[in-house]
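Trainee: Chains as they are written, first to last, in numbering that gives the first Met the number 0: chain A, 0 to 435; chain B, 0 to 435.
Calculated directly from the structure, the hints in this document are not laboratory data. Hints are supplied without guarantee of correctness; some may be wrong.
With a straight-line Cα cutoff of 27 Å, these simulated BS3-like cross-link-like pairs (lysine-lysine) come out [unchecked claim]:
| id | chain 1 | residue 1 | chain 2 | residue 2 |
| --- | --- | --- | --- | --- |
| 1 | A | Lys332 | B | Lys56 |
| 2 | B | Lys242 | B | Lys317 |
| 3 | A | Lys269 | A | Lys242 |
| 4 | A | Lys341 | B | Lys341 |
| 5 | B | Lys242 | A | Lys332 |
| 6 | A | Lys332 | B | Lys17 |
| 7 | A | Lys36 | A | Lys56 |
| 8 | B | Lys251 | B | Lys309 |
| 9 | B | Lys228 | A | Lys341 |
| 10 | A | Lys309 | A | Lys341 |
| 11 | B | Lys332 | A | Lys341 |
| 12 | B | Lys310 | A | Lys411 |
| 13 | B | Lys235 | A | Lys228 |
| 14 | B | Lys332 | A | Lys235 |
| 15 | B | Lys36 | B | Lys56 |
| 16 | B | Lys228 | B | Lys411 |
| 17 | A | Lys411 | B | Lys341 |
| 18 | A | Lys332 | B | Lys332 |
| 19 | B | Lys341 | B | Lys251 |
Just so you know, these numbers come straight off a predicted model, no measurement behind them.
Protein chains: 2
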Amino acid sequence: MKDLESLSATQAIKALSKREIRATDLLLSCLDRIGQKESLVRAWTSLGKENALSRAKQLDKGAFQGILHGLPIGVKDLYDTYDLPTAYGSPIYANHYPVADAVSVALMRQEGGIILGKTVTTEFASFKGGATTNPYASKHSPGGSSSGSAAAVADFMVPLATGSQTAGSIIRPASFCGVVGFKPSLGKVSIAGVKSLSVTLDTMGCFGRTIEDVGLGLAAMSGDHRLAKIEVLHNKPRIGICKTSNWSAAQKEAATALAVARHAAEIIAKGTVDDFSLPMACDDLTQAQSRIMLSEMSRSLLFERIHYAKKLSPQLIKQLSDGATISYEQYAKDLLLANHAKTAVAELFTNEIDILIAPSAAGEAPSMRDGTGDPIFCRGWTLLGLPCININVASGPNGLPVGVQLITGPGKDHFLLSAARSFALALPDPTLRDQA
Amino acid sequence: MKDLESLSATQAIKALSKREIRATDLLLSCLDRIGQKESLVRAWTSLGKENALSRAKQLDKGAFQGILHGLPIGVKDLYDTYDLPTAYGSPIYANHYPVADAVSVALMRQEGGIILGKTVTTEFASFKGGATTNPYASKHSPGGSSSGSAAAVADFMVPLATGSQTAGSIIRPASFCGVVGFKPSLGKVSIAGVKSLSVTLDTMGCFGRTIEDVGLGLAAMSGDHRLAKIEVLHNKPRIGICKTSNWSAAQKEAATALAVARHAAEIIAKGTVDDFSLPMACDDLTQAQSRIMLSEMSRSLLFERIHYAKKLSPQLIKQLSDGATISYEQYAKDLLLANHAKTAVAELFTNEIDILIAPSAAGEAPSMRDGTGDPIFCRGWTLLGLPCININVASGPNGLPVGVQLITGPGKDHFLLSAARSFALALPDPTLRDQA
Chain A
0 MKDLESLSAT QAIKALSKRE IRATDLLLSC LDRIGQKESL VRAWTSLGKE NALSRAKQLD
60 KGAFQGILHG LPIGVKDLYD TYDLPTAYGS PIYANHYPVA DAVSVALMRQ EGGIILGKTV
120 TTEFASFKGG ATTNPYASKH SPGGSSSGSA AAVADFMVPL ATGSQTAGSI IRPASFCGVV
180 GFKPSLGKVS IAGVKSLSVT LDTMGCFGRT IEDVGLGLAA MSGDHRLAKI EVLHNKPRIG
240 ICKTSNWSAA QKEAATALAV ARHAAEIIAK GTVDDFSLPM ACDDLTQAQS RIMLSEMSRS
300 LLFERIHYAK KLSPQLIKQL SDGATISYEQ YAKDLLLANH AKTAVAELFT NEIDILIAPS
360 AAGEAPSMRD GTGDPIFCRG WTLLGLPCIN INVASGPNGL PVGVQLITGP GKDHFLLSAA
420 RSFALALPDP TLRDQA
Chain B
0 MKDLESLSAT QAIKALSKRE IRATDLLLSC LDRIGQKESL VRAWTSLGKE NALSRAKQLD
60 KGAFQGILHG LPIGVKDLYD TYDLPTAYGS PIYANHYPVA DAVSVALMRQ EGGIILGKTV
120 TTEFASFKGG ATTNPYASKH SPGGSSSGSA AAVADFMVPL ATGSQTAGSI IRPASFCGVV
180 GFKPSLGKVS IAGVKSLSVT LDTMGCFGRT IEDVGLGLAA MSGDHRLAKI EVLHNKPRIG
240 ICKTSNWSAA QKEAATALAV ARHAAEIIAK GTVDDFSLPM ACDDLTQAQS RIMLSEMSRS
300 LLFERIHYAK KLSPQLIKQL SDGATISYEQ YAKDLLLANH AKTAVAELFT NEIDILIAPS
360 AAGEAPSMRD GTGDPIFCRG WTLLGLPCIN INVASGPNGL PVGVQLITGP GKDHFLLSAA
420 RSFALALPDP TLRDQA
């Protein structure tokens, strides 16, 4: 019964389904770990210990509830939960109890998932960081906006936690914290009941310590149970390395990470893996994403700006003001650009390539005082709505993890998870293969 | 100062901006009308009389606030409002006060709109009707789910009211109540803060008594102020009559409406207007929409089904059960079908046709005891995400209004409004031309 908190979600579910371990014990192990580490990591905004324990006992006594039976889960505090305070990372909503769960939270509970608590988000999933530190080095940021979820999973506090990505809020913290982060296709998970930044961009996903785990999490969040069963690839995929037009922002360790990734990719592709450039239609996607996000934020958070301006951070106020100056014409032009690029990229992923490998972030986690890091390497992929998964492949000058993201065509989430497993199994370092 | 409640939104805004009328007097006229007719029409779930009056006085004294300065507005009770109870048409949420306004409500208030009250929606915008009656004949349904908004606008209680459409919840009640109903392109208005039925389908729009008015409403709800300035068409459009594959469900008055519409279309097209068939890719869209909606509803309302099953209607419980039996494979197949059809239709509206004219509903409003009517003539267009506008063109055997919908390509909302004005001005009956 020792070290149950170090089980992956998939391992835990297997043991729980055979009644080899009890949900109660798994939960207590997680709570122990949180007790030891939370004062340093600060991943949580609230814990629902009593409710979670009582649910665990109920599940231990009852029939098998579903694919998350007895699994403790962290929920980003951007998601509504009826029984836990939901503040969206803002003092405006301190002690707010929503009337209902977010749709994806209700689905996870229905599958037997135990919502253990809420994890720290930056202010309204924007850029002002919370208290969470990087479990690898507490003077470094865990990234954002899904800071608490990435850190809690990395630090073995829970095997699974939810995130959301509007710019780079899943892939970036996953890379900084050395965990698997999965941002599925746009629309795969309902956004209902999650505080909105940008309806065009907001994408729900999750963090785990293995690829199977994030598949399991997404299976519950979306209702697509096929994602809970991930094989490895049986055919060799067409893979390209995509440094993107932002490559000049990459630090040395991002180049190292791509080199490691290329080597693993060549093993599964059974041949040379070349650099791959996106079509012309994808130029300017990073800038377009930035403008679309700011423009929509200025509308999404208008209520808060009018009613609670004094409780918003100066950074956020500036973003909202900047967003309000973007003309609707420019916004509409950016949406049109994105649509053309989506069409071009969907064709690309049908005819030319199966998987692209790109940097997850510019480098390893920045120091806490420098903020949550730049989402520059994620903005374009998020706007394209493509499924992306972060895999840890290298480390930076401070010994912190550095990941790459694997990307595929829209709707091919299951294929991406399979490819990611094959890829992880081809990594040189055996401990990194545990991610598969 | 008499009959201010009969002014169109655009007329009222003109007079308000010149300070020829006061917002307070307009509001009092609307309240008078509501006082006279509400016991019969039952369009409202709540009225915020005091707040509205105080806001009107403030606007009368202050600077011009925006494009809706001083306009009384009805908000469908599916939209969150922080100062008015928001029940989503369900006893579960009786007396629920959300912590914030829906994004589109905040935008309307920011433009000087006065939220006068909340209008009746069917249960969670699904099929169980509310108390609202058709202002033309109280034994008939106003349609649904945006029942109260359509009826309130038709009965001169407010010049403008919001709606939402997942199957046919704007276009159908607009046709039954003889008002202009505008369902813009999917994604044009943020869905944030509106209770979710189906993220893939839910589309926010509005009702007015003129085409200019719904353009004005949408301009505020979306932030696209270009929609507040609608000309008529300067070039002759390519128009087709699309009876759709559901034509066998149409009643005689729907055929009459199409005949009237064809005549008006031929005037603006300056030539013959022929029938137009959708491409093969659009076969089965009606069935696909129905399955996608049911499947997503079973997830969107899972929380309510688990926690408050006894407060859900038997009809809704049945829908949720039906939805839960649809396999994810079938759901994914339907989404794929919709995507192929969207691509085909977008090309069509670029290369072959500018405007399609189709039935808004099978016929005139059914009797109250027969429900809110069948959305069959709207399901496919909603799934395609195309902008649709209902214009009143004829009447049925009971003398009730019968509309047609004008439809165009995705994102061409401004063009659709212009085309609709030209079309309305070509109608034979002079009173119908007032819709322009």
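Trainee: List, from low to high, the hint numbers that the structure doesn't satisfy.
Mentor: 1, 2, 5, 6, 8, 9, 10, 12, 13, 18 and 19
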